[in-house]
Structures are given as structure tokens and as C-alpha cells.
Amino acid sequence: MDRQHIVEHIPRLRRYARALLGDRYAADDLVQDTLERAWNKFYLWRPGSDLRAWLFAIMHNVFVNQVRRHRNEIEQTMEELPVVAVRATQIEQLELRDVDRALGALPSEQREVLLLIAVEQMTYGEASRALDVPIGTVMSRLSRGRERMRQVLGGQAAVPLKAVK
Amino acid sequence: MTMVTESDLHAYVDGVLPERARAEVEDWLAAHPDETERLRAYREQNAVLRSLFNPVLEEPVPASLFRPIARAGWRRYALAAGVFVVGIALGWIMRSALPSPAAPSPSLARQAAIAHAVYAPEVRHPVEVAADQEDHLVKWLSKRVGTELKNPNLHALGYELVGGRLLSGPQGPVAQFMYQDARGQRLTLYVARQRGERRDTAFRYSQEERVSVFYWVDGSFGYALSGEIGRSQLLEVADAVYKQLNP
Numbered sequence: 001m002d003r004q005h006i007v008e009h010i011p012r013l014r015r016y017a018r019a020l021l022g023d024r025y026a027a028d029d030l031v032q033d034t035l036e037r038a039w040n041k042f043y044l045w046r047p048g049s050d051l052r053a054w055l056f057a058i059m060h061n062v063f064v065n066q067v068r069r070h071r072n073e074i075e076q077t078m079e080e081l082p083v084v085a086v087r088a089t090q091i092e093q094l095e096l097r098d099v100d101r102a103l104g105a106l107p108s109e110q111r112e113v114l115l116l117i118a119v120e121q122m123t124y125g126e127a128s129r130a131l132d133v134p135i136g137t138v139m140s141r142l143s144r145g146r147e148r149m150r151q152v153l154g155g156q157a158a159v160p161l162k163a164v165k
Numbered sequence: 166m167t168m169v170t171e172s173d174l175h176a177y178v179d180g181v182l183p184e185r186a187r188a189e190v191e192d193w194l195a196a197h198p199d200e201t202e203r204l205r206a207y208r209e210q211n212a213v214l215r216s217l218f219n220p221v222l223e224e225p226v227p228a229s230l231f232r233p234i235a236r237a238g239w240r241r242y243a244l245a246a247g248v249f250v251v252g253i254a255l256g257w258i259m260r261s262a263l264p265s266p267a268a269p270s271p272s273l274a275r276q277a278a279i280a281h282a283v284y285a286p287e288v289r290h291p292v293e294v295a296a297d298q299e300d301h302l303v304k305w306l307s308k309r310v311g312t313e314l315k316n317p318n319l320h321a322l323g324y325e326l327v328g329g330r331l332l333s334g335p336q337g338p339v340a341q342f343m344y345q346d347a348r349g350q351r352l353t354l355y356v357a358r359q360r361g362e363r364r365d366t367a368f369r370y371s372q373e374e375r376v377s378v379f380y381w382v383d384g385s386f387g388y389a390l391s392g393e394i395g396r397s398q399l400l401e402v403a404d405a406v407y408k409q410l411n412p
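For the protein sequence lines, the chains are A and B, in the order given. Quick note: the first sequence uses my numbering, first residue 1, plus one each step. Quick note: the second sequence uses my numbering, first residue 166, plus one each step.
What the hints contain is simulated information worked out from the structure, not anything from laboratory work. Check each hint, because a few of them may be wrong.
Unchecked claim - Listed next, the stretches of chain A that the computed footprint assigns to chain B, with coverage defined by at least 3 CB atoms under 8 Å from CB atoms of chain B:
| hint | stretch |
| --- | --- |
| 1 | 6-13 |
| 2 | 52-58 |
| 3 | 112-118 |
| 4 | 132-145 |
We put the CB at the ideal spot given by N, CA and C, even for glycine.
Extracted from the complex, chain A is given alone in its bound form:
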């Protein structure tokens, strides 16, 4: 196992970054920063451990630092997001666009957990290691994220998407 294996994970890192950030270019920048760090710090990777989990953990750290740095910018972007038109009768045919927006409106901690579990199909333990939080935290974020998505999409009330935090 050597660092060339990193290359094989690039498509998955891109998928996660795209889902996390919504924007293609911002996502690829995140992937690039992650790869740079992973490549230069490969000596920190413990042979035999899960390379994917390690790469996702690095991406999480890069992402969190970016969020911290650009918090104001991001909050501003979220305020500009249109409120999703909620149609309770059409819950059977969730529109992809609506789901994408509802996802974007989740607090980033919940969005990360939901994506690692639902899209990346990590186990709860893997997600806990990638995000460096206890499993209990993974479960509570997952629970809150799913429920918030459901309410936004299912029309319990017309919850405006900018209502984050």
C-alpha cells in the first residue's frame, strides 16, 4: 500500500465535496487542498488502516478550517438562498433540486454526517473516526439532520431554508 492509492479515492472525495459545498469549483478546490495535504503528510497514515477514512478525515479538517475562515461569507450566501416552495402532496416525488437546497441549508455538521452515511455509505464508526467525534454525536447529528430535511421537504411547516442555527 503506498500513496498512489490516494488517486483511486479522488472520485469519491469529489462526490463528497460536491455534495458538501454544492458548487463544483469550490468542491474541486477542497479536493485539491485535501490531496495536497494527504500527499505531503502520507507518512502520518498508519499502514493497514483505512485509507478512505483517513482521506475523509483530512477533507473534514480542511473543510472545517475553510468554514471557520469564511464563516461570514458562507452565512451571507445562505441568506440569499431562496425559500423552497413546499408541496406536502408531492412528497412522493421529491424534486432533486429541492433536496439539494434542503441539504445546503443544514448546519454543516449535520450535512457532513448525513452525506457520509447516506452517500458515502460509511458505518457510524467510520463516520465517527472521519469527523473525530463520538458515535453518540454522529447519531444525534444524523437524527437532527434527517428530521430537519424531512420537515423542510415534507411541509410540516413552510420552514424557510435560511433558518440555519
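Position chain B against the provided structure of chain A, taking the given hints into account.
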């Protein structure tokens, strides 16, 4: 009735509960229709999120993403053979990132060709387990990939098994077998579980820069034979591989 926790319900949605706990949750749900509806919505979220973002896996990777690797690799490992290997993979991948008039090559062929480009030029470590431990190799890869693998015998065509290695692909573990002829020409056979219930057994051909790939899907597994040889020569081998796997 047993206590069912919120975590159990999520584990149920994600299909990770053991059999017995699943049955318990189902019994509990039978008495809680509102909760059934809630979990159905969560499952639908999983499905929609996957269908939204899985297509990213099929997109060609922009060449810019390889810059940190190329730069860092070159600076720190200029003398290591690894750079040569990565260089070949990069050359290939960057090429594939350019717009092409032809239809985009399906991911199975692309992944197999990348894996071929990365490992076939390796001088010292082309495989993880060498052919002298063939039985162990096949058993190990079968166990990891989750199906009983057969490694074809290509002796009649002049190719001998070098060995194999375990790779990681979008659907989990992938097996790669490597063969070599007397001149050192290498072929790799890539076996990966496929998503969904596609059962396409037709041969397809893809030319990825210098790597030719014949690939096909058989049941829930995809097979791809890659090599830097001509299409008709590779087809002859692919045909033999296919026949041995489907006697």
C-alpha cells in the same frame, strides 16, 4: 416489547441492524405507523441523495487535481520509481479529462485502465501477492471481493500469472490479476462489483490513451482486461478469459 432507540431506527434505515434487532424494530413499527412514515422519508432521502451525487463518480477528474500530487511527488521523490508510475497515470488521466467527441468511457473501463497504468509499469512491486502463492491469492481476493474468483490460465496465449493485488473501487474492494508474456508485456484483469442490477454480458472496447480495455459485466460483477497491445490481440485474450470464466 424491547426498547427501541432512535439510534436503532436510524440503523434500520441504513440497513445496518443485525437480523434479530431488525425484526424487533419491524414489530415495533407495526404498532407505530407515524414512525414508519418518518423512516420511509429518511430512506427516501438516502436514495435521492445518492442519485443526486453518484453521477460525480462518473465525471472525468480534472487534471488540475493532480497538480499537488505531481508537484509534491516530483519534488520529494524525483528519484523514486513511484514518480514514473504516477507520471504515466497522470498522463493518461489528464488526457481523459480533455473534452472528447466520443461518448465518455464508462467508469469500469476507466478505473481498470487507471489501475493498469499505475501498476503495470512497476518493476519491483507490481503485485501484492505473487503467483507462487496462487491459491492464497485467489482465496484472499475472493474473500475480500465477495465472490468466488477464478484467475484464468493464459499459458496457451503466452501469458503467465505474475500475481494480484487488492484495490479499492467505488463499490468497494476490487481484485486485479496481472499477467506477463516472455517479453515482459503485461495485461491486467480487473474484477469489481457493479452497482444495481445491470446484467450486460456484451464485450465492449475502450481505448484509454495507450491502454486498450475490453470489459464486460457478468451478473453483478464487472470484468475489464487492460493492456498496451493491439485491439485484436487483446480481444483474443479477452475471449479466452471470458470462456474460462464462463465454461
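Which hint numbers doesn't this structure obey? Those not satisfied come down to hint 2.
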